[in-house]
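Undergrad: Sequence:
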Amino acid sequence: MRFSEWDLPLLYYPVLLLLSRKLFWVFCFQPDTISLLLSCPLPITCEWSFCLTHESFSSFFHSRATQYTCMLLRYVLEPKDGKEEVVMKLKRLESSVSTGRKWFRLGNVVHAIQATQQSVQMADPVPRVCLSAANLSRIIYFVCDMVLWARSVGLVPSVDKEKWRGWAARYYYYSLLLNLIRDAYEISLQMEEISQDKARREESGLQSHTELSVADEETEWLQSLLLLLFRALKRHPALLLDTVKNLCDILNPLDQLNIYKSNPGVIGLGGLVSSLVGILTVANPQMRLRSK
431 MRFSEWDLPL
441 LYYPVLLLLS
451 RKLFWVFCFQ
461 PDTISLLLSC
471 PLPITCEWSF
481 CLTHESFSSF
491 FHSRATQYTC
501 MLLRYVLEPK
511 DGKEEVVMKL
521 KRLESSVSTG
531 RKWFRLGNVV
541 HAIQATQQSV
551 QMADPVPRVC
561 LSAANLSRII
571 YFVCDMVLWA
581 RSVGLVPSVD
591 KEKWRGWAAR
601 YYYYSLLLNL
611 IRDAYEISLQ
621 MEEISQDKAR
631 REESGLQSHT
641 ELSVADEETE
651 WLQSLLLLLF
661 RALKRHPALL
671 LDTVKNLCDI
681 LNPLDQLNIY
691 KSNPGVIGLG
701 GLVSSLVGIL
711 TVANPQMRLR
721 SK
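Offset between the sequence shown (1-based) and the numbering used here: plus 430.
Hints may be right or wrong, so weigh each one.
Listed below are the simulated SDA-like cross-link pairs for lysine to any residue, each with C-alpha atoms no more than 20 Å apart in a straight line [stated by the list, open to error]:
| id | residue 1 | residue 2 |
| --- | --- | --- |
| 1 | Lys593 | Val583 |
| 2 | Lys691 | Val506 |
| 3 | Lys664 | Ser625 |
| 4 | Lys664 | Asn714 |
| 5 | Lys593 | Phe572 |
| 6 | Lys664 | Leu710 |
| 7 | Lys591 | Arg581 |
| 8 | Lys593 | Ser582 |
| 9 | Lys591 | Leu684 |
| 10 | Lys664 | Gln653 |
| 11 | Lys521 | Ser582 |
| 12 | Lys628 | Leu656 |
| 13 | Lys519 | Tyr505 |
| 14 | Lys664 | Thr711 |
| 15 | Lys521 | Pro509 |
| 16 | Lys593 | Leu684 |
| 17 | Lys513 | Gly695 |
| 18 | Lys691 | Glu592 |
| 19 | Lys519 | Leu507 |
| 20 | Lys591 | Asp685 |
| 21 | Lys628 | Arg661 |
| 22 | Lys521 | Val506 |
| 23 | Lys591 | Tyr603 |
| 24 | Lys521 | Leu699 |
| 25 | Lys591 | Ser526 |
| 26 | Lys664 | Ser618 |
| 27 | Lys664 | Ile624 |
| 28 | Lys593 | Lys691 |
| 29 | Lys664 | Val674 |
| 30 | Lys593 | Ile569 |
| 31 | Lys510 | Gly695 |
| 32 | Lys593 | Tyr603 |
| 33 | Lys591 | Asn688 |
| 34 | Lys513 | Leu503 |
| 35 | Lys519 | Arg531 |
| 36 | Lys628 | Leu659 |
| 37 | Lys519 | Ala495 |
| 38 | Lys521 | Ser692 |
| 39 | Lys513 | Leu523 |
No wet-lab data here; the hints were simulated from the structure.
Just so it is clear, the structure is predicted and the values come from calculations on it, not from any experiment.
Sequences are here, hints too, so could you generate the full structure?
TA: Right under this line is the structure:
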């Protein structure tokens, strides 16, 4: 029995959808079961997987920064006269770097699996659900991206490129949205902790009179909220960097899914900022957000 050129892609969708729904349920609501399954030894040693993910992440963010820098420069130079040759060179370089980034997907997949192993063991149910679902969505995004790569090199020419690109953008968007929900939850916890500390200092009479704040001067509620937000992010720079990175990353899938249209300049700037944050977290692991 042979499949026609449309049969094979049509078979992918229900399998992918059922798999994602089943894994989402297991990851989020049956952490003991999935922890037992993931505790089985993998054919990848810890040392090898660490080197793979660390090296691939470092190279991935450098190439990603190069790609979005080219996109941003191309957007800036495109309207100017006499820059056609430079724009074409930047476009070719951007395309080449984008193709080269596909080779770092293996390290990203390994990292996503490792992140899932850690997220399902979290005690707090909100980060456990958000991060488990986000990592699952990221894995599915990588699968879709690999299918697109296989199609581009001619391994599966019958794949509908636009549909699979839409699926990849959608799951990438889900992953980033869930990470932003987790960031918002962590920020709310930090703001609540700062507010409680301030209340305890006021009750004990130990609050410094030299500390100047908008809240202490009984200004408006919005200013007090913004002050709490500022203090929470200042106390936890890793949380600030993770939030900025996710906000910058989500611009691309929002544009691809026609949820919020942006121009290449905004997407290029957001991708460049996100890549620089990624390079910083790889160079300094203490700046990477971790949940207990």
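Undergrad: Each hint needs a verdict: does it hold in this structure or not?
TA: Structure-based check of each hint:
The suggested pairing of Lys593 with Val583 holds, with an alpha-carbon distance near 17 Å, which does not exceed 20 Å. Between Lys691 and Val506 the alpha-carbon distance is near 18 Å, which keeps this suggested pair within the 20 Å criterion. Between Lys664 and Ser625 the alpha-carbon distance is near 14 Å, which keeps this suggested pair within the 20 Å criterion. Pair hint Lys664 plus Asn714 holds up; C-alpha atoms about 17 Å apart against a cutoff of 20 Å.
Distance check on the hinted pair: Lys593 and Phe572 sit about 15 Å apart at the alpha-carbon level, within 20 Å; holds. Restraint check for Lys664 and Leu710: satisfied, since their Cα atoms lie roughly 17 Å apart, inside the 20 Å limit. Proposed proximity of Lys591 and Arg581 is supported: the alpha carbons are some 8 Å apart, at most 20 Å. Pair hint Lys593 plus Ser582 holds up; C-alpha atoms about 14 Å apart against a cutoff of 20 Å.
Straight-line distance between C-alpha atoms of Lys591 and Leu684 comes to about 19 Å, which keeps the hinted pair within the 20 Å bound. A hinted pair counts as satisfied when its Cα atoms are at most 20 Å apart, and Lys664 with Gln653 qualifies at roughly 16 Å. For the given pair, Lys521 sits about 18 Å from Ser582 by alpha-carbon distance, which is consistent with the 20 Å threshold. At most 20 Å may separate the alpha-carbon atoms for a hinted pair to count; Lys628 and Leu656 meet this at roughly 15 Å.
Simply put, Lys519 and Tyr505 have alpha-carbon atoms about 13 Å apart, close enough for the 20 Å limit, and the pair holds. A C-alpha spacing of about 17 Å is found between Lys664 and Thr711, which places the hinted pair at or below 20 Å, so the restraint holds. Simply put, Lys521 and Pro509 have alpha-carbon atoms about 14 Å apart, close enough for the 20 Å limit, and the pair holds. For the hint pairing Lys593 with Leu684, the CA-to-CA distance comes to about 16 Å; that is within 20 Å, so the pair holds.
A distance of roughly 16 Å separates the Cα atoms of Lys513 and Gly695; the hinted pair therefore holds under the 20 Å criterion. Between Lys691 and Glu592 the alpha-carbon distance is near 18 Å, which keeps this suggested pair within the 20 Å criterion. Distance hint between Lys519 and Leu507 is fulfilled; the C-alpha atoms sit about 12 Å from each other, no more than 20 Å. A distance of roughly 17 Å separates the Cα atoms of Lys591 and Asp685; the hinted pair therefore holds under the 20 Å criterion.
A distance of roughly 12 Å separates the Cα atoms of Lys628 and Arg661; the hinted pair therefore holds under the 20 Å criterion. Of the supplied pair hints, the one linking Lys521 and Val506 holds, its CA atoms being roughly 13 Å apart against a limit of 20 Å. Between Lys591 and Tyr603 the alpha-carbon distance is near 18 Å, which keeps this suggested pair within the 20 Å criterion. Between the alpha carbons of Lys521 and Leu699 the distance comes to roughly 16 Å, so the proposed pair stays at or under 20 Å and holds.
As the CA atoms of Lys591 and Ser526 are separated by approximately 19 Å, the hinted pair is consistent with the 20 Å bound. A threshold of 20 Å between alpha carbons decides the hint, and for Lys664 with Ser618 the separation of about 14 Å falls inside it, so the pair holds. Restraint check for Lys664 and Ile624: the C-alpha separation of about 11 Å stays at or below 20 Å, so the hint holds. With a C-alpha separation of about 19 Å, the suggested pairing of Lys593 with Lys691 holds against the 20 Å cut-off.
Taken as a hint, the Lys664 and Val674 pair is honoured in the structure, with Cα atoms around 13 Å apart against an allowance of 20 Å. The straight-line distance between the Cα atoms of Lys593 and Ile569 is roughly 18 Å, inside the 20 Å bound, and the hint therefore holds. Between Lys510 and Gly695, the direct Cα distance comes to roughly 14 Å. Compliance with the 20 Å bound is thereby established for this hinted pair. For the suggested pair Lys593 and Tyr603, the alpha carbons sit about 15 Å apart, so the restraint of at most 20 Å is met.
A C-alpha spacing of about 17 Å is found between Lys591 and Asn688, which places the hinted pair at or below 20 Å, so the restraint holds. In summary, the hint linking Lys513 to Leu503 is supported, as the alpha carbons are separated by about 11 Å, within the 20 Å threshold. For the proposed pair Lys519 and Arg531, the alpha carbon gap of about 18 Å is at most 20 Å, so the pair holds. For a cut-off of 20 Å, the pair hint linking Lys628 to Leu659 stands: about 14 Å separates their Cα positions.
Straight-line distance between C-alpha atoms of Lys519 and Ala495 comes to about 17 Å, which keeps the hinted pair within the 20 Å bound. Between Lys521 and Ser692 the CA atoms are separated by roughly 18 Å; this keeps the pair inside 20 Å, and the hint holds. The suggested pairing of Lys513 with Leu523 holds, with an alpha-carbon distance near 15 Å, which does not exceed 20 Å.
Every hint, counting from the list given before, is met by this structure.
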